[in-house]
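Undergrad: Residue strings, one per chain:
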Amino acid sequence: MGLLSSRISITRYKVSGRLDGSVHEIVYKALKKHAIPEIEDDGSEAMVGWTSFEYPYAPDFEGYSFVFGAHMVFALRIDKKSIPPKLVQKHYSLEVAKHLADTGRQFLSGNEKKAIKEHVVNTLGRRIPAVPNVYDLVWHYKDSSLWFFSNLKSANEALETLFIKSFGFPLIRLFPYTTGNLIAGLSDSERDLLSKLAPSQSEE
Amino acid sequence: MLDIAVAYNRYKFLGNEFLTWLWFIIETDQNRLRQYDPDLVSLNIGSRMVLENTRNNAKETVTIKGQDADLEEGLLALKKGSVVTEIHLSYKAGDQHWQFNLKGESLNISNLKLPETGPVETPEDFEGAVIEKTYLIEKVIGLVNNLFSHFIKLRVSSEWRNQTVSRIRKWASS
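Chains A and B, in that order, give the protein sequences.
If you're matching positions, the first sequence starts at 1 in the numbering used here and goes up one per residue.
If you're matching positions, the second sequence starts at 1001 in the numbering used here and goes up one per residue.
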């Protein structure tokens, strides 16, 4: 999922803001503050944070190691716990059988079944390690552009959320309308025409 | 500017029309492409193309796959009112060669294969490799941005309505 992969996927963004002060220092502090936690939180299903491009499993931003020439290169890491449904089913069945045996009853209420399922999912969630997914990005600060090396909707949404939380301004995804509106060099009157366009087929 | 989600859905047809126009230009006017990218040696359709026809409230998809695939099916689909929704491109500039998929509705690039670069054997090679890869990716993104910018300027002009649409139809029917 990255810059050095043999096959690359890219989603392009326009960065809609500027940092006040030393860019590298501000980015360094934001990356450190919102870095992926080193210790897994036992309760949460997923953890999202920044990590370093070179050492994604041991985030290190010291010495502005995210600066490569004119670009800043770092990565988004999403650690997600995924419990196989069949494993949940197995432990749920065992837990229900134990509960019935303990109470000497024939049936459980809907609420009891729900509580047992939640307990099973939480217990398994604490035992199963999170699977890390790393998505590199390149930020061209001077051009206000950013390339994110994934087309996955969930990863892009996580990036957009963490970016605004970290740096205080949003990323605008570049698809046909935003590319035309923001980076194609259209005049104001051309931008007005752009917003009024309809498919060519329907203009027949 | 419009809400992003609304803009994405309302104007995704622009990306599909862009890919349809791009196929037309690739087949009929390589010299024009060189005006958009002075380093360009060639830009060709690669091994995959997807077309969609959503006329008459029905969605019909045609997928053409394979190296040197016959694109006649695609032209036939165009004649019936389809547009290109996804395209695999082969781009040559200087002695370097890129291949990638471009999706109309998002302009997302996928399956991008860059020209060969040297191996990373020492820590010192690493920074150089990152900068080189970034440069090679920039070439493709620059090409896409440049082509789309020319397309969108044409698309908002009267030339599109008065000339380009009929030229594309004529080419598809030839």
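Hints are computed from structural coordinates only; laboratory data are not their basis.
Hints should not be assumed to be uniformly reliable.
No farther apart than 27 angstroms at their CA atoms in a straight line, the calculated lysine-lysine pairs in the DSSO-like style are these [unchecked claim]: (1) B/K1080 - A/K142; (2) B/K1065 - A/K142; (3) A/K196 - B/K1012; (4) B/K1065 - B/K1079; (5) A/K153 - B/K1065; (6) A/K196 - B/K1080; (7) B/K1079 - A/K153; (8) B/K1079 - B/K1113.
Just so you have them, the derived chain B footprint on chain A, three or more residues with Cβ under 8 angstroms [what the hints assert, rightly or not]: (9) 3-9; (10) 107-116; (11) 165-177.
Note that CB positions come from ideal geometry on N, CA and C, so glycine has one too.
Undergrad: Give a verdict on every hint.
TA: The hints, checked one at a time:
1. The hinted pair formed by B/K1080 and A/K142 fails the criterion: a straight-line CA distance of about 45 angstroms is larger than 27 angstroms.
2. Taken as a hint, the B/K1065 and A/K142 pair is broken in the structure, with Cα atoms around 40 angstroms apart against an allowance of 27 angstroms.
3. Distance check on the hinted pair: A/K196 and B/K1012 sit about 13 angstroms apart at the alpha-carbon level, within 27 angstroms; holds.
4. A threshold of 27 angstroms between alpha carbons decides the hint, and for B/K1065 with B/K1079 the separation of about 19 angstroms falls inside it, so the pair holds.
5. For the hint linking A/K153 to B/K1065, the alpha-carbon distance of about 25 angstroms falls within 27 angstroms, and the restraint holds.
6. Annotation: proposed proximity of A/K196 to B/K1080 holds, straight-line Cα distance about 25 angstroms (limit 27 angstroms).
7. Annotation: proposed proximity of B/K1079 to A/K153 is violated, straight-line Cα distance about 33 angstroms (limit 27 angstroms).
8. Distance hint between B/K1079 and B/K1113 is unfulfilled; the C-alpha atoms sit about 32 angstroms from each other, more than 27 angstroms.
9. With 6 residues bearing a CB less than 8 angstroms from a CB of chain B, the stretch 3-9 of chain A meets the requirement of three and the coverage assertion stands.
10. Counting residues of the stretch 107-116 of chain A whose C-beta lies closer than 8 angstroms to any C-beta of chain B gives 0; at least three are required, and the coverage claim is violated.
11. Check on the stretch 165-177 of chain A: 6 of its residues sit with their Cβ under 8 angstroms from a Cβ of chain B, so the three-residue criterion for coverage holds.
The structure fails to meet hints 1, 2, 7, 8 and 10 from the earlier list, while all remaining hints are met.
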